[in-house]
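There are 2 protein chains.
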Amino acid sequence: MSLPETMRALVQLHDGYSGTAEGPAIDTLEPYLEFREVPVPQVGKGQALIKVHLAAVNPSDLHFIKGEYGQPRVKDRPAGFEAVGEVVAGDTPFVGQRVSFFAAHSGCWADYALTDAAGLVPCRPDLAEADAAGQLVNPLTAMAMFDIAREGDVKSFILNAAGSQLGKLLIGLGRDHDCAPIAVVRRTEQADALKELGAAEVLVTSDDDFMDKAKGIMRAMKPRVLLDAVGDQHTADLFFAMPNRARWVNYGKLSTEPPKLSQMGQLIFQHKRIEGFWLTRWMQEVDQATIGKTIAAVQERFVSSAWTTDVAAVVPLGEAMDKLPAATKIQDGKVFIKP
Amino acid sequence: MSLPETMRALVQLHDGYSGTAEGPAIDTLEPYLEFREVPVPQVGKGQALIKVHLAAVNPSDLHFIKGEYGQPRVKDRPAGFEAVGEVVAGDTPFVGQRVSFFAAHSGCWADYALTDAAGLVPCRPDLAEADAAGQLVNPLTAMAMFDIAREGDVKSFILNAAGSQLGKLLIGLGRDHDCAPIAVVRRTEQADALKELGAAEVLVTSDDDFMDKAKGIMRAMKPRVLLDAVGDQHTADLFFAMPNRARWVNYGKLSTEPPKLSQMGQLIFQHKRIEGFWLTRWMQEVDQATIGKTIAAVQERFVSSAWTTDVAAVVPLGEAMDKLPAATKIQDGKVFIKP
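These protein sequence lines map, in sequence, to chains B and R. According to my numbering, the first sequence is numbered sequentially starting from 4. According to my numbering, the second sequence is numbered sequentially starting from 4.
A few of these clues could be false.
It does not matter which identical chain is meant; a pair holds if it fits inside one copy or across any two.
SDA-like cross-link-like pairs, simulated, lysine to any residue; straight-line CA separation at most 25 Å [stated by the list, open to error]:
1) Lys218 x Lys296
2) Lys218 x Pro261
3) Lys216 x Glu199
4) Lys218 x His274
5) Lys341 x Glu8
6) Lys326 x Asp235
7) Lys218 x Glu25
8) Lys263 x Ala244
9) Lys218 x Gly22
10) Lys218 x Gly73
11) Lys225 x Ser21
12) Lys216 x Ala24
13) Lys332 x Val157
14) Lys216 x Asp18
15) Lys198 x His180
16) Lys332 x Ala133
17) Lys225 x Gly73
18) Lys218 x Gly19
19) Lys225 x Gln74
20) Lys216 x Pro319
21) Lys48 x Gly99
22) Lys225 x Gly22
23) Lys218 x Gly70
24) Lys48 x Asp290
25) Lys225 x Tyr20
26) Lys216 x Ser21
27) Lys332 x Arg76
28) Lys263 x Thr23
29) Lys225 x Pro75
Derived from the structure by calculation, the hints contain no laboratory data. Remember, it's a predicted structure, so these values are computed and weren't measured experimentally.
When you get a sec, could you build the whole thing from the sequences and use the hints?
Next comes the structure, spelled out in structure tokens:
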């Protein structure tokens, strides 16, 4: 297959970290990215070049382009962590096949992306394109965190930002594995759809009786783990209303508010703790067999409709500078970029 | 030995928890305790009655009488957790011997205290009375937390309230075991004495360049654990200036300020976590052999002068209502009550 010399890409304008902590909201891409014609990446030893079919837009991408993620930006390199596409070159038996991948070396918001050959994830033929484009970041995070939530055979867990794609995946796992999801959302309108999906309870932070209701539910259901993508004061208040040995597991920061620890004595006397979850670290810590088994389970869940991907928007690569910011503000669905 | 029918005691005026979070400072005992003549406790099965020689006054006692500790108050029962005395009755071979103890059933701010016979700690004859009166709460906490601080062969740790008796015990352990103590205090005047004692660095929170200096020390010494008895914003700021995988281990709440988590992303990307330490839980979790070995090491450290008890005041039981509040405000030393 003959490759072009150049490609279209959304290229980063900055190196390193910004030092800000604004969260993933974006109103414009201009400060961070530029749509540009750049050389197609050269494939090095142990690498694979993938022609991108469909790329995911995750909160981590938005944190990253703003310089607020756990790894530094690289100026003039395309952004975009996760996609599905066809392997077109590289030191791998998967050339010609459809794979999902993390773009380890050159980002996937581009016609072509470069990654490690060892990290390619072949897709079942019956896996839909949108499911395949987002089968790593959210689904693996959901699987790994759900295992934390049900440790010790606990029968319920709390999650906030429950209307997000990741939230819905977690609710599906709880529903299917007898570990009742207690969903926390900002807007009453989200409640019915999440109950339909399998949430045992839905708490709405804007309700006047939010904390009273939360306390009653905690007493009845005794969740042990709070999976938190928000990190605001509501989250802290929920944590302090949880029973003994509660774990506040933060994996995102949708809020810019720094929560206050109003009842630190609970860390001492109730054995509670506050920690973080990062998929990148999880993947470094578990063995390859576990990752392989988890990915197979992820694909099976999508193909069997135990999970579905709610698509909010598919933005053409060439129009992303204009249209992506508005698309990221669509509630309760996932955004993709299509080269 | 014939026992009197009544005894003098500082008796609690309230049941349960207060719901407040004021911290251990007390200006007066009247809202919480009354000096009163009460019956000498009856010894039940598996219990021991001890004639109190000298009782410790720990921050946990002050939290407790205010209704802010991890266990509920019992109205009309004497306060006081820890003391040394002579066993005068009970189902134990230690009758007639000097023991240290936690007063599990009737508090030790009294002429007699009642506890479980299984929890008596015989004292070496060469152990000084003040060391014996305070050999459990602070020394066992110091030993257990120091083991956390040096996990993984880490070569330094941070502690605040470093001028407290517990702080000094921790500094001594770090000095003697090649794990450099970074001491945090509020007042410049405390620095020299703590360096003398073995602190590798002393950070003074009231200094203008406190955080700059702290950051430099973190980079150079790479402590992994912050042992925290304060729980204020300085503590949170120190935690967020620590290197990857830092643990904030809170064991007390001298400050009433609720710290803000300004950089939650560090929990995710830097694998940091916030937790508590409670001696009561530690004693439930470790085996008896570990506790026995630890207590032997504690007594050896006091007898060999590796540790010393700085006595701020010894308040007679009959004068405690008047004199104890002022005594607890004396800096950098330990207060005792003498029946």
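Violated hints, by number in ascending order, as checked against the structure: Of the numbered hints, 1, 6, 13, 14, 20 do not hold.
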